[in-house]
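*Asks:* Residue-level listing of the chains:
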Amino acid sequence: MKQSQIRNFSIIAHIDHGKSTLADRLLEVTGTLSDREKTDQFLDKMDLERERGITIKAQAVRLSYRAADGQDYILNLIDTPGHVDFTYEVSRSLSACEGALLVVDASQGVEAQTLANVYLAIDENLEVFPVLNKIDLPSAEPEIVRAEIEEIIGLDASDAVVCSAKTGLGVEAILEAIVAKIPPPQGDPDAPLKALIFDSWYDPYQGVIVLVRMIDGSMKKGDKIRLMASRTEHEILKVGVFAPHTVAVDELTAGEVGFITASIKVVADAKVGDTITHVHNPTAAALPGFKEVKPMVFSGLYPIDSGDYEDLRDAMEKLRLNDSSFSFEPENSVALGFGFRCGFLGLLHMEIIQERLEREFGVDLITTAPTVVYKVTTVTGETIKVDSANKLPDVQSIDHIEEPFILASVHVPNEFVGAVLALCEEKRGKQREIKYLTANRVMVIYELPLNEIVMDFFDRLKSLSRGYASLDYEHLDYRPSELVRLNVLINGDLVDALSLIVHRDKAQYRGRDLVSKMKEFIPRQQFEVAIQAAIGNKVIARETVKALRKDVTAKCYGGDISRKRKLLEKQKEGKKRMKQVGNVELPQEAFLAILKVKENK
Amino acid sequence: MAGLYLHIPFCRRKCPYCDFFSTPATEFLLETYPDLLIRHLVWASEHGWSGSFDTIYFGGGTPSLLPPKTIADILHTIKQRFGLTHNAEITLEANPGTVTQDNLFGYRDSGVNRLSLGLQTCNDKHLTNLGRLHDRQEGFDAFGLARIAGFDNISLDLMFALPGQTKEELECDLNDYLELDPEHLSCYGLTAELETPLYQQVISGEMNLPDEDFYADAFIGVHDKLSQNHYDHYEIANYAKNGRTCRHNLGYWQRRPYLGIGAGAHSFCAEDWGQRREVPPDLTAYRDLVFSGQDPTQHLEGFDRESALSETVYLGLRTRRGVADSELRQRFGCTLQEAFPEAIKANAQWLLHHNGRWALTPAGWLLFDRLILSFL
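Those sequence lines, one after another, are chains A and B. With my numbering applied, the first sequence has no gaps in its numbers, which climb one by one up to 601 at the end. With my numbering applied, the second sequence has no gaps in its numbers, which climb one by one up to 1376 at the end.
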């Protein structure tokens, strides 16, 4: 295929702005999917992705399209995740493209996350053109949104394509615009092989499947290749494309997108961002590659049934095969027994991993409150990284503690600015800038401790802005901070898994808030349960869950015995999902109570 | 000695809180259903069940919708086919709204010697709320008529924790009941059972049941008051004076065999470790099976040693008599302590061990569903 007939593009959109639906439509209109295969969100293969309406993993699909000029084109759609936790996935997907569609909901307008991704695309020198989606909705205001795109992003939106991915309106026009506006790739098919790995995952039957974007040269089955960063050599077993099912091809040449397999056993050997070249006649210089992503948020994951420990470890190992941004190491808790301290990109990533472990691997879990990585300098001058409240050294041996700060951009309609400012102040933020993007759209920029973000910031933001605010952030630096360890005692016993690191000024409020939330999650037991929050030995808050007084089936006669006994047996099964701490049974949610936003506060 | 239960699955009007199998009483049902019961009895006598029966219980639904003659016919068949012990307890559940002087005399003459009256409460407001067909005066009248008819073993139902009920109203009910001076009382806290209209009303917020604390206080209050008045609290929901416990119901909790006749009735056969069967609650299917001479019952569950032991404890601890070490040892070769050391330790606060018997305290009964989990 001549490079002039190839277009590599990606779709940038805020969650819910219709990216997956549009991708489905493009597949459908180009005849890539048969009628039988038309499921919603075809590219979101995981159940979780479909249910939550988000894309987690990148995907690449080849579409064949005969354009109005009568020529046949190959359009490679490289799908990207749309959440801040997965920004790194976005940037690597973008680097495999020459252009991107910026899909904006014609009634919602530009969101912070979209903005961040557009800037990523512009940084990569991509040709970005806007598409106004959901034009069929009565609330659509294409002219206002068009103006917004021009004002906020500085992108010419005069010829933005107007479409409805739902009804199919304007989809042909999008395909034409892709052909007309996005430049074809410009590699040299005769130069030594240079290909970018932009994703890879483990397949139990074929080993690691490597998604590649061909830059220069070509490769085919049997070629001996070298992965330049990992310094390993392999022989190509299979070359193919996703259309959207795997189709073997003879070779991939400059400008194309496809996959190879080469008996690579672990994903770590085919690092995303690595450059593939031939063992003989290698390219002179590798591509710049990507920064490795580091987990930002940590929490403990424990099996409810301690007998599931081995299963949990196996499941985590399997997940990590495909998700190198997720880390775990064994950890011990007095209250919860053996488990793992896990690192995630963010809260959504944490929830997703937790859900996948429970769902795909059938392990019931307790997740402890998320924490960030603190830098603790001891009195002896040693600096240690602390990713769990329980690893915090004794107060006496701490000289000072530093915590990570982020630069947060909150994009919000004018009417909610006051509430957003109040929230940022409450979260110990330092205001940097308030930018009026348009008369009604405001960008609030704050320096905030990440510690506050991983608690309930995002949920609070969403609820105070009735869902209109969007958030994007980047990491700034570490700053010294007055931090203390907040402990929780259940009936007088310290439950290590519930300890938190909080700012001294926040400790009182956090403690009160935490125990009152926990009270809501702990069901009445046969005895009174006291929940206390303490700093050191000083109790700062207390709540009591009153003893259960009544739980009885009054009537039990001949026809009731079997049924009512079975109901109780079922209840007993359900109780196995509770964790026994001392003689108190705690439900899973109690351990994450700190994350739950109180209604109507 | 075995018990016999006959289910009469129809009512004038179904009460919104009731989850027993019952359909509207039509003329057709009233005429044809007794014949099914008799055929079922005959079938059972030819297929493994033998007498004599020590207790018979007509439950419902509303058995008092059947005329005395029908009851007499059924009892005749039972005597003929199975036999009755000479002091057999024969109970009939009666709705105060359906009894008359004549039919009460008739029931007594047919051999019924124990009457269970569904009084529920003496408070007119609550009777209306509960969708009952009788009022306070009719309740009293029914009781008086039953005495005149010669019933010297009468049980009354008392329901507490009614929507909007006050402590004073319950106190008033208790005084009224004590005034009537029945031999036996069944006292239930109103609960919203799944798949009842009441459950829907509670879920939707249309109806508010009193909270846990009211229920608990009421349960203990009823226990105290009735105990002071010489009623023995012999099972979670049952009180008796002068040893007039319901022998039929005690059989259920002692895991003795019972034969269930009628649509929706269960049977328990105590052979080996036990087996429970049910007649599905489907009148059409029941009619077809009975008429074609087929077994109208279905297997519900079978027991092995372990499940039989669990159920023995589950049922036994509902009663004041509790679980006897000697009986457990005889049947299962172990004592409760040996079989459930952990559960006993965890529930020590609510367990009494007296004269070789384990029993729950009234406060323990209030938590029965929770405490029993460790024995299941």
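Source of the hints: derived by calculation from the structure; they are not laboratory data. All of these numbers come straight from a predicted model, not from anything done at the bench. Where a beta carbon is used, it is the ideal one built from N, C-alpha and C, also for glycine. Don't take every hint at face value.
Said to hold, decoys possible - Here are the simulated DSBU-like pairs of lysine-lysine, each with C-alpha atoms no more than 35 Å apart in a straight line:
hint	chain 1	residue 1	chain 2	residue 2
1	B	Lys1167	A	Lys546
2	A	Lys519	B	Lys1167
3	B	Lys1241	A	Lys391
4	B	Lys1079	A	Lys435
5	A	Lys318	A	Lys564
6	B	Lys1014	A	Lys564
7	B	Lys1125	A	Lys564
8	A	Lys566	B	Lys1241
9	A	Lys555	B	Lys1345
10	A	Lys318	B	Lys1014
11	A	Lys572	B	Lys1014
12	A	Lys546	B	Lys1079
13	A	Lys546	B	Lys1069
14	A	Lys570	B	Lys1345
15	B	Lys1225	A	Lys391
16	B	Lys1069	A	Lys566
Stated by the list, open to error - A few chain A residues that face chain B, going by a derived Cβ cut-off under 8 Å, partial list only:
hint	residue
17	Ala284
18	Val334
19	Phe338
20	His503
21	Arg504
22	Gln526
23	Glu528
24	Lys550
25	Thr553
26	Ala554
27	Lys555
28	Cys556
29	Leu568
30	Lys570
31	Gln571
*Asks:* What are the numbers of the hints the structure violates, in ascending order?
*Replies:* 3, 4, 5, 10, 12, 13, 15, 16, 17, 18, 19, 20, 21, 23, 30
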